Every structure is written in C-alpha cells, then in structure tokens.
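First residue of the sequence shown: 1, per our numbering; consecutive thereafter.
Hints may contain errors.
Restraint ranges, calculated between C-beta atoms of paired labels, are given here [as the list claims (entries may be wrong)]: (1) 25 / 119: 22 to 30 Å; (2) 167 / 50: 32 to 40 Å; (3) 163 / 56: 24 to 32 Å.
To be clear, the hints were calculated from the coordinates, so they are not data collected in a lab. Values in this document were obtained by computation on a predicted structure and should not be read as measured data. From the three backbone atoms N, C-alpha and C, an ideal C-beta is built for every residue, glycine too.
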Amino acid sequence: DPLLEQIAYPLPNLHWRAPRRQEPAIAAWLPRLLANAVAHDQEPLEPTRDLYSDTINSAAGRLTEALLLDIEHFRQNEEPVPPALIGSMTNAAGAAGRQGAFARAALIHAAGFVTTIEGQQVEPILGAAMQGEGHEALALRAVLVSDTRLSAAASRAFPRFILQGVHELAAR
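Given only the sequences and the hints, what does the whole structure look like? Please build it.
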C-alpha cells in the first residue's frame, strides 16, 4: 500500500513524541509500526555507514529506543514490565532487513540496560546477529564496543563479541 510506505517513518517519529505511558492505546501500536517499517524498507544495509548514526534516525531505531524508555520507566517506578513490552523487544531484535539491523543496533547500544531486564529473551538473538563476518555483524560489534558505558552485565553477556569488535576497530 503506497500510503503505508509514505508513513513508514513519520508515524514512528510521532510515536516517539506521543504520551505513550499516559495512553496505553498509543503504546500498543509499536508492533504494528515496527512491522510496517520493516515491510516498507527494501534498501540494503550500507556497509560503509556508521550503523548507530543511521539507527537513531530510522523508524525501527526510534521505535526501539522508545520501547527501551518505556521499559526503563516501569523499572524506575519499581513496577513489573508488561509482557507486551518484553515481547515487542524480542520482535524488534528478530526483525528482518535493514530496519531489523537498526532495531538490533539500538538494543546493542543499550546492552548494559537490555541485559538486565528480567524476562528478556534478546541476548541469544543479538549474539547470533553479531556472529560471522557479514556487514551487519561487523557493524553491530562496532556499536557494542563504541559505547564507553559498557557495563559489567553487557561484558558478561557478550565477551567474545567485545574482544572481536575491539580487534576489528583497532585494525581499521
């Protein structure tokens, strides 16, 4: 649908600014917006680009960051994180294509936080995405090691990828 293609980026941007915590119906749109962004982005991931710089300006990156902010809000208020948010995080980690890579980059950039979320199931998905020598794996490892706030939890979750990413960055 041409209309859905035209709003694939503006709607996630609007979602980012919306009062999601005050209006649960808005938060419930996240899975649909992510699916729309993935479905309407047929561009390949560019290997020469800085993945995280692209992530923060992408539909899936903005949606994933909004999701993480919502999860953080529940945790700060010592409330249980709704299972729908945990499920949305898992869906974002497993999303296909370039938008999926952007979602994974947002999660990896926040690995110190993500790895401490009770019930999360994204660690194995992110680990699988960082394996190998493909463009996405290399870019995701660069995102992981470029974060100066790398936590002990993230270091325990992804030690092999941190070491590999450091070696790859040093070789550039």
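Now for the hints, and whether the structure bears them out:
{"no.": "1", "hint": "25 / 119: 22 to 30 Å", "result": "holds (23 Å)"}
{"no.": "2", "hint": "167 / 50: 32 to 40 Å", "result": "violated (19 Å)"}
{"no.": "3", "hint": "163 / 56: 24 to 32 Å", "result": "holds (26 Å)"}
The structure fails hint 2 only (numbered hints given earlier).
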